[in-house]
Amino acid sequence: MKQSTFIKKILASLFAVLICSAVFGLVRARTIESVTFLMAAPFADATRDLVKQFNQEHRGEINLQVVRGPLETEAMSDLAISSLLLGKAPFDGLLMDVTWLPKYAAAGWMEPLEDFFNEKDVDALAIGAREGNSYDGHLYRWPLTADMGLLYYRTDLMEQPPATPEELVLVSQSLQKDRKVDWGYVWQGRQYEGLSCVYLEMIDGFGGDWLQPNNNHIGLDLDPGVQAAAWLQELIDQGVSPNAVTNYAEPEALQSFKVGDAAFMRNWPYAWTELQKSDSAVKGNVGITTMVARPGHSTATLGSWGLTVLKGSAHVNASIEAIRFLTNESSQKQLFLKHGYTPTQQSVFDDPQLLQDKPILAEFGQALKVVKARPETPLYAQISDVLTRQLSSILTRETTPKDGMNVATSHTNQILISAGEKL
Amino acid sequence: MTVFLLLPSLLFLLVVFVGPLFRYAWLSFHADSVMTGLIAIPNGGANWLRLVQDQRYWQDLGQTLRFAGVSVGLELFLALIIALLLDQRWRGRDLVRTLALIPWALPTTVMALGWRWIFNTPYGPIDYFTNLVGIGSLNILGDPNLTWMATVWADVWKTTPFAALILLAGLQTIPVDLYEAVRLEGGNPLICLRRITLPLLRPYILLALLFRLAQAFGVFDLIQVLTGGGPASSTESVALYAYWNALRFLDFGYSSTIIMASFLLISVICLIAWIGLQILIPTHSESRGVIKS
Chain X
1 MKQSTFIKKI LASLFAVLIC SAVFGLVRAR TIESVTFLMA APFADATRDL
51 VKQFNQEHRG EINLQVVRGP LETEAMSDLA ISSLLLGKAP FDGLLMDVTW
101 LPKYAAAGWM EPLEDFFNEK DVDALAIGAR EGNSYDGHLY RWPLTADMGL
151 LYYRTDLMEQ PPATPEELVL VSQSLQKDRK VDWGYVWQGR QYEGLSCVYL
201 EMIDGFGGDW LQPNNNHIGL DLDPGVQAAA WLQELIDQGV SPNAVTNYAE
251 PEALQSFKVG DAAFMRNWPY AWTELQKSDS AVKGNVGITT MVARPGHSTA
301 TLGSWGLTVL KGSAHVNASI EAIRFLTNES SQKQLFLKHG YTPTQQSVFD
351 DPQLLQDKPI LAEFGQALKV VKARPETPLY AQISDVLTRQ LSSILTRETT
401 PKDGMNVATS HTNQILISAG EKL
Chain P
1 MTVFLLLPSL LFLLVVFVGP LFRYAWLSFH ADSVMTGLIA IPNGGANWLR
51 LVQDQRYWQD LGQTLRFAGV SVGLELFLAL IIALLLDQRW RGRDLVRTLA
101 LIPWALPTTV MALGWRWIFN TPYGPIDYFT NLVGIGSLNI LGDPNLTWMA
151 TVWADVWKTT PFAALILLAG LQTIPVDLYE AVRLEGGNPL ICLRRITLPL
201 LRPYILLALL FRLAQAFGVF DLIQVLTGGG PASSTESVAL YAYWNALRFL
251 DFGYSSTIIM ASFLLISVIC LIAWIGLQIL IPTHSESRGV IKS
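Heads up: the sequence lines are chains X and P, in that order. Everything in the first sequence is counted per my numbering, starting at 1 for the first residue and increasing by one. Everything in the second sequence is counted per my numbering, starting at 1 for the first residue and increasing by one.
It is possible that some hints are incorrect.
Claimed, not checked - The calculated label-pair distances, taken between Cβ atoms and stated as ranges, are: (1) X:K283 / P:Q53: 23 to 31 angstroms; (2) X:E72 / P:V52: 30 to 38 angstroms; (3) P:S137 / X:T400: 20 to 28 angstroms; (4) P:Q53 / X:K402: 20 to 28 angstroms; (5) X:T400 / P:W153: 26 to 34 angstroms; (6) X:G239 / P:L78: 52 to 60 angstroms; (7) P:L78 / X:H217: 51 to 59 angstroms; (8) X:K283 / P:F263: 50 to 58 angstroms; (9) P:G37 / X:G239: 26 to 34 angstroms; (10) X:D123 / P:G37: 41 to 49 angstroms; (11) P:W26 / X:E72: 48 to 56 angstroms; (12) X:K338 / P:Q172: 53 to 61 angstroms; (13) P:F263 / X:S347: 51 to 59 angstroms.
As the list claims (entries may be wrong) - Reference listing, derived: stretches of chain X covered by chain P, where coverage requires no fewer than 3 residues with Cβ under 8 angstroms from a Cβ of chain P: (14) 72 to 81; (15) 101 to 115; (16) 189 to 195; (17) 235 to 246; (18) 371 to 383; (19) 389 to 397.
Since the hints were derived computationally from the structure, they do not count as laboratory data. No residue lacks a Cβ here, since even glycine has one placed at the ideal position from N, Cα and C.
All chains, please: the whole structure from these sequences, using the hints.
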């Protein structure tokens, strides 16, 4: 008799524990917020450790998942846009290239972030990283990594890198004459977005301006615009750059420079990490500087990646929490050391220990000071497309720099007018 | 009763084919872009007027027709030779039949990326070869006069096996005794080909032609990866232009107009190809009469 009540008691307490844990589990499950970010494959891989750390620190509160998107920037944009067009995106956040922002903002796809990041937060960013995050008075994006065009040069072939376009040609020609290298300068001449980036650095370098966003003034057909196009075309004509540069994107240029066939290369910071690998013929002989230009006009095209929160997300606060973690000082140091990602927080650039271990960080910081964003308009894709068409025609000698730039100007004008952006 | 049995497939066609087509037709009379906040606003025939005046569209159309015509023509010619070869009995035929399908089985983007490095100047094997035989570097993907041929070549390499497969299937339906009959009458292999093989193969040639023509006219992934439409827009296809308008420029109204115009055009082209083939290759009943006489 006694025994049976004892068993009953045990059973009852077990039951109670069961119910308690079930209720607790239910409550727990309700409070765990599941946040999903979409990132291009390389970024998803690079942030994997950070995401793990974040989930450990927020165990029981937030579970961050990163969807691994395609490799290429443009394929990534297609995937993001296709899912956004369906109405409600299956992601809370998106890692976004700098040029998409005005378009996404005009389409109303993003949650404004100015309530979550204050002035102090913005002031902590490196000056170059503050650009390209806002549109029409709203903050939409918080930068994860900065990216800018750089001039790579061979330290074993010259003591000082050239500063002006003329110097670059002279140094190249003398090196080619001495048979030190096959080519002087390799860059991105394929008809695609990379060509616009190359051109932006040159038109600004010659003292001009592609498109002024405040008054939509187009500078392509003015002297600096035509000079920039002509200079690029002459690089090919004079044999400083190979003919084949008219189909070079970043991988082709990197290949040429990496095997030691070229004295100069225009590329992004990721190339630095690639050039330090053991299969690089120029390892230890590479320097970085800002693009050649007229004195005082050196410019680096801004190409940064940042995180946004998409409209309709049910986890805005949790997403912000995740963004803050992924972009904080320690995360940025980790991303820089392991993957060579350029930081966006000024404090990382000022870290004496880091500067001593990785002196190249100072060069990145220097280039980030002269960055320039591509024209910030929702029509950017059209405008850039018109420009690359004409530039490609100029580079392949289908048209002259003057004629090509005139056509590019009138087509840009048409796009702005038909969109009501200009009278 | 038969109507009910057809209903599921009719419904399927309605949803995946007729539906989108009407949607495109409807959109082509609306302004629907990022500048309208992605809301469709009727704009009469403005999109169509723009299409007629759009030099870039006509340039792309010409380039697409050139690409489709040359590549499909080459593919059918090569496919016929390959199919005839694979139809004969010889050692190792089964192995070759399987191997021949590999290019077709590869994903287009993968093979296009492969060709991009093969055609690469100066690190690709083709450049090495042209230098070896003394032609020098050709800059295949960077010269507007050459690049379109590279796209044709890559397409022919990939899709000839597909056309060959269809023609091979056709060849195997031709009864052997027909050939024996010709041989008994003293006819040579060339007469066999002209009077028996080609006429009996006609429906299969037509099938391969229409399949390939429609596909080649809509060429997208190959160009996108291999050249991105360059250099100097010399390889941009209509499909690429429509895609740019939709996903890059977010201009769905104009993109739909391009797609509708292409749909109408490809219908006409297929009709012409069909009629042309009727005239080019005599029907079986006609050729039988010739053999008799």
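Going through the hints against the structure:
1. Take K283 (chain X) and Q53 (chain P): their Cβ atoms lie about 55 angstroms apart, and the range 23 to 31 angstroms is violated.
2. The hinted range of 30 to 38 angstroms is satisfied by E72 (chain X) and V52 (chain P), whose Cβ atoms lie roughly 34 angstroms apart.
3. Separated by about 24 angstroms at the C-beta atoms, S137 (chain P) and T400 (chain X) satisfy the suggested range of 20 to 28 angstroms.
4. Between Q53 (chain P) and K402 (chain X) the beta carbon distance is about 25 angstroms. The supplied range of 20 to 28 angstroms therefore holds.
5. Distance hint check: the CB atoms of T400 (chain X) and W153 (chain P) are about 31 angstroms apart, consistent with the given range 26 to 34 angstroms.
6. The supplied range of 52 to 60 angstroms is broken by G239 (chain X) and L78 (chain P), whose beta-carbon atoms lie about 39 angstroms from each other.
7. About 55 angstroms separates the C-beta atoms of L78 (chain P) and H217 (chain X), a value consistent with the hinted range of 51 to 59 angstroms.
8. Separation of K283 (chain X) from F263 (chain P) is about 54 angstroms and conforms to the stated range, judged on CB atoms against 50 to 58 angstroms.
9. The given range of 26 to 34 angstroms is broken by G37 (chain P) and G239 (chain X), whose C-beta atoms sit roughly 50 angstroms from each other.
10. Separated by about 33 angstroms at the C-beta atoms, D123 (chain X) and G37 (chain P) break the suggested range of 41 to 49 angstroms.
11. For W26 (chain P) and E72 (chain X), the hinted distance range of 48 to 56 angstroms is not satisfied, since their beta carbons lie about 33 angstroms from each other.
12. Look at K338 (chain X) against Q172 (chain P): about 59 angstroms separates their beta carbons, and that is inside 53 to 61 angstroms.
13. Between F263 (chain P) and S347 (chain X) the beta carbons are some 57 angstroms apart, a value that agrees with the proposed interval 51 to 59 angstroms.
14. Using a Cβ-Cβ cut-off of 8 angstroms, 4 residues of the region 72 to 81 of chain X lie near chain P, which meets the minimum of three, so the contact claim holds.
15. Coverage of a stretch by a chain is defined here by at least three residues with a beta carbon nearer than 8 angstroms to that chain's beta carbons; for the region 101 to 115 of chain X and chain P the count is 4, and the condition holds.
16. For the region 189 to 195 of chain X, the stated coverage by chain P is satisfied: 4 residues place a CB nearer than 8 angstroms to a CB of that chain, which reaches the threshold of 3.
17. Restraint check on the region 235 to 246 of chain X versus chain P: 5 residues with Cβ-Cβ distances below 8 angstroms, three needed, restraint holds.
18. With 4 residues bearing a CB less than 8 angstroms from a CB of chain P, the region 371 to 383 of chain X meets the requirement of three and the coverage assertion stands.
19. Using a Cβ-Cβ cut-off of 8 angstroms, 5 residues of the region 389 to 397 of chain X lie near chain P, which meets the minimum of three, so the contact claim holds.
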